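**Student:** Protein sequences appear in the order of chains E and V.
Reminder that position 343 of the first sequence reads as 343 in my numbering, one-by-one numbering, no gaps.
Reminder that position 210 of the second sequence reads as 210 in my numbering, one-by-one numbering, no gaps.
The hints are simulated quantities; they were obtained by calculation from the structure and are not laboratory data.
A couple of the hints might just be wrong.
Taking lysine-lysine and the BS3-like style, the derived pairs with C-alpha atoms no more than 27 Å apart in a straight line are [what the hints assert, rightly or not]:
1) V/Lys108 x V/Lys85
2) V/Lys323 x V/Lys313
3) E/Lys266 x V/Lys143
4) V/Lys108 x E/Lys266
5) E/Lys266 x V/Lys117
6) V/Lys117 x V/Lys143
7) V/Lys323 x V/Lys277
8) V/Lys117 x E/Lys344
9) V/Lys108 x E/Lys43
10) V/Lys277 x V/Lys85
11) V/Lys313 x V/Lys277
12) E/Lys344 x E/Lys266
Treat the numbers as computed from the prediction; the structure is a model and nothing was measured.
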Amino acid sequence: MLDLLTGFVAELRRAGLPVSLTEHLDAAEAVHHIPLEDRDALKYALGATLVKSATHWRAFEMAFEIYFATRHPGTGEAGEGEVGDGRSTEAAGEAAGAAGAPGQRRGGGGGQGISAEELAELLFRAMQRDDPGLTALGARYAVDRYAGMEPGRPVGGTYYLYRTLRNLDLDRLLERLLADAGAAQGSGTALTPLEERLAGDEYRARIDRLRRAIETEIRRRLVMDRGAEALARSVRKPLPEDVDVMHATRDELAELHRTLHPLSRKLAVRLARKRRHGRRGPLDFRATVRHSLSTGGVPVDPRFRHPRPSKPEIFVIADISGSVASFARFTLHLVYAISSQFSKVRSFVFVDGIDEVTRFFEGADDPAQAVHRINTEADVIWVDGHSDYGHALSVFHQRWGAEVTSRTSVLVLGDARNNYHASEAWVLDDLQRTARHVYWLNPEPRDYWGSGDSIIDEYAVHCDDVVECRTLRQLERFVGDLA
Amino acid sequence: MSEPSSDAAVGADAAGGVAWDRAALGLADSGPPRFESVPGVRRDLASIGYLADEGIASVVYLADRLAKPVLVEGPAGTGKTQLAKSVAELTGSRLIRLQCYEGLDESKALYEWNYRKQLLRIQAQQVEEAEPSVAGARTPRWKELEEDIFSEDFLLTRPLLEAIRAQEPVVLLVDEVDRVELETEALLLEVLSEYQVSIPELGTVRATRLPMVFLTSNNTRELSEALKRRCLYLHIDYPELDREREIVSARVPGITTELADQVARIVRSLRTLELRKPPSVSETLDWARTLVVLGVESIDATGARDTLNILLKYQTDIERAAKELLSAEA
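Required output: the full structure, derived from the provided sequences and hints.
**Tutor:** Right, dumping it as structure tokens:
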């Protein structure tokens with residue numbers, strides 16, 4: 001057990017979770033207090049001792065399922081899925097019977113023989129009755145039938161999952177469930193929209209459970225095939241705050257969005273605090289004397305005036321062309337989430353034309369909505385819709401350049417891939433002379449800077465700093481330092 | 001009791017080891033374990049109206065066995081504080097609560113010298129000295145006086161010290177620990193890991209009975225590694241449908257099963273929308289209570305729309321929910 005735990009902890013560390021030695025020891029002790037056959041209890045015990053942040057839970061769960069999947073007696077029975085032990089075949093027989101096809105599959109050797117219609121019927125029943133046993137069984141058959149798993153292939157299982165799900169066509173299953181729910185209500189009266197919505201959400205949740213069951217099943221088989229460590233390596237994903245924004249998948253982006261909100265709130269709280277405590281104002285004589293009365297006139301507790309630090313103005317100029325759009329979105333999001341920390345935030349977006357989009361954020365209390373409007377309404381195309389930093393910058397200078405003052409910080413977001421247009425770097429030079437700071441955030445890895453059509457170096461000489469900003473963690477650090 | 005004998009042996013072994021460790025460290029014993037098993041915790045908590053899921057029960061059980069504090073995080077209104085209260089009620093302990101806020105310091109959290117009383121004491125001394133009959137060397141007098149004014153009589157205990165010194169069983173709740181500054185967190189560390197408080201003038205005060213400690217955080221900032229390391233971590237999220245339904249049934253008197261089910265399902269659907277502030281458990285309960293008071297037996301679209309403001313706290317959220325869930329009526 002201890003060896004297994006050590007391997008598990010090592011895997012968590014490789015996945016990027018900060019697990020200290022003390023926590024490892026705690027986990028080892030905790031395991032002694034938990035009956036080992038209770039897999040859930042074990043999971044929570046390890047989770048409580050090893051994982052100290054909610055965003056890391058997912059990575060933990062994944063590693064846990066891989067490391068502790070097959071060794072558990074409760075799920076071990078599933079290991080002989082191919083052979084088909086008594087219980088599962090019986091249940092299959094029952095389900096098949098319910099589906100209107102008598103149990104000719106009894107002893108027929110697992111799910112290999114079950115037909116597509118029967119499988120669909122089985123899943124339908126499982127969903128309708130919300131029966132976990134039946135769901136797991138259906139998942140096993142579905143994987144048998146559709147995943148087409150080949151032993152020894154070094155893949156992470158997403159491919160198998162995709163294949164299984166495509167064949168199952170869960171959307172149609174959902175439709176059928178809904179239709180059925182409508183029919184069950186009584187053919188005369190239709191469901192009210194509210195009821196329909198609730199039923200839909202219920203079935204969606206059930207189908208989600210099925211999807212997870214299938215995922216678990218695939219992973220379990222992969223572990224049996226290739227061993228925990230090898231699999232862990234191929235399914236390991238970066239933690240949400242370390243995901244490269246430019247190359248994030250859709251799921252990862254969704255995950256990022258979820259992290260973004262608490263992140264910006266945290267940042268705002270921290271900055272507000274820093275502002276209040278960063279500097280002490282001058283001694284407040286009146287308050288000190290007033291306060292000293294309770295200590296017999298001895299000024300034990302000096303009072304200070306509150307400092308009034310000036311807040312910076314921010315001009316954000318963001319490239320929203322296809323290549324860096326997701327990055328710009330996140331940055332705008334974050335800047336607006338903490339806009340109370342700045343006296344004024346104005347934002348401009350460009351591709352080869354440039355447009356001010358501050359108005360979209362005003363009045364919208366949800367930055368996501370504003371960003372969406374920017375993408376659809378802002379007028380940023382001038383000629384062909386390929387990034388032209390030079391033109392965008394010179395137009396900016398011409399139209400808004402005079403509004404940049406000595407209290408303004410200018411942030412430029414983009415990869416500086418200019419499609420071989422003129423750089424017009426003099427604009428930045430001019431801005432730097434008037435503005436307090438000019439920063440450039442580049443979502444590309446530093447190694448790529450200056451390669452191909454990237455002309456970041458031409459701009460860099462006119463910026464106070466050029467920052468590599470690929471992950472939320474880096475972005476958070478930068479914005480924190482800025483305010 | 002359903003454990004196989006081999007496991008039981010392992011458990012006993014480990015327990016022995018732990019006791020020895022603690023003796024070696026000079027720590028107080030936590031007394032007999034408070035809980036029998038994980039399902040036991042769950043059952044007991046349910047009996048006083050707190051419906052814990054597997055995760056919560058496991059962590060509470062472990063916190064008792066390992067004598068470690070529990071750091072509870074999660075969205076507001078999911079029963080973090082209530083957990084500590086319920087555990088206190090269950091174990092028949094006194095609940096000592098330290099509400100954290102910005103600017104909390106040693107004198108509010110640990111202990112403080114009662115300097116007004118000390119001043120009075122010194123003044124009284126001066127009066128005595130002024131009388132001619134009392135004359136003596138100054139130095140020993142000062143020494144006496146110093147020992148005198150830094151004795152326990154002049155000590156004001158604050159929650160942390162109080163929890164450590166308590167003779168009876170206590171549950172210490174450090175509420176919203178994320179509100180204090182990073183530096184102030186350090187105050188907690190000694191208490192949390194060693195269950196002791198060092199007072200320079202008096203020495204170290206050790207716990208005679210280990211308290212159960214719960215810290216809650218709303219996650220407005222990242223807590224320090226040092227603090228997290230010393231705690232078991234528990235994240236309480238919005239409950240699953242079944243559990244929420246049970247919570248509603250258990251906490252709202254006079255609610256019918258159908259209504260509870262409907263409430264739980266509507267709330268679940270609301271949480272899937274992208275709202276600024278999804279409804280929490282406490283808001284769900286408020287809503288359910290309102291419906292019961294209004295005598296609603298089954299929620300329809302208009303009824304839902306009229307009472308939505310109890311569940312959601314932002315106008316945009318309310319509009320959005322009404323549009324998404326109840327739109328076709330309009």
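**Student:** List, from low to high, the hint numbers that the structure doesn't satisfy.
**Tutor:** Result: hints 3, 5, 8 and 9 break, sorted rising.
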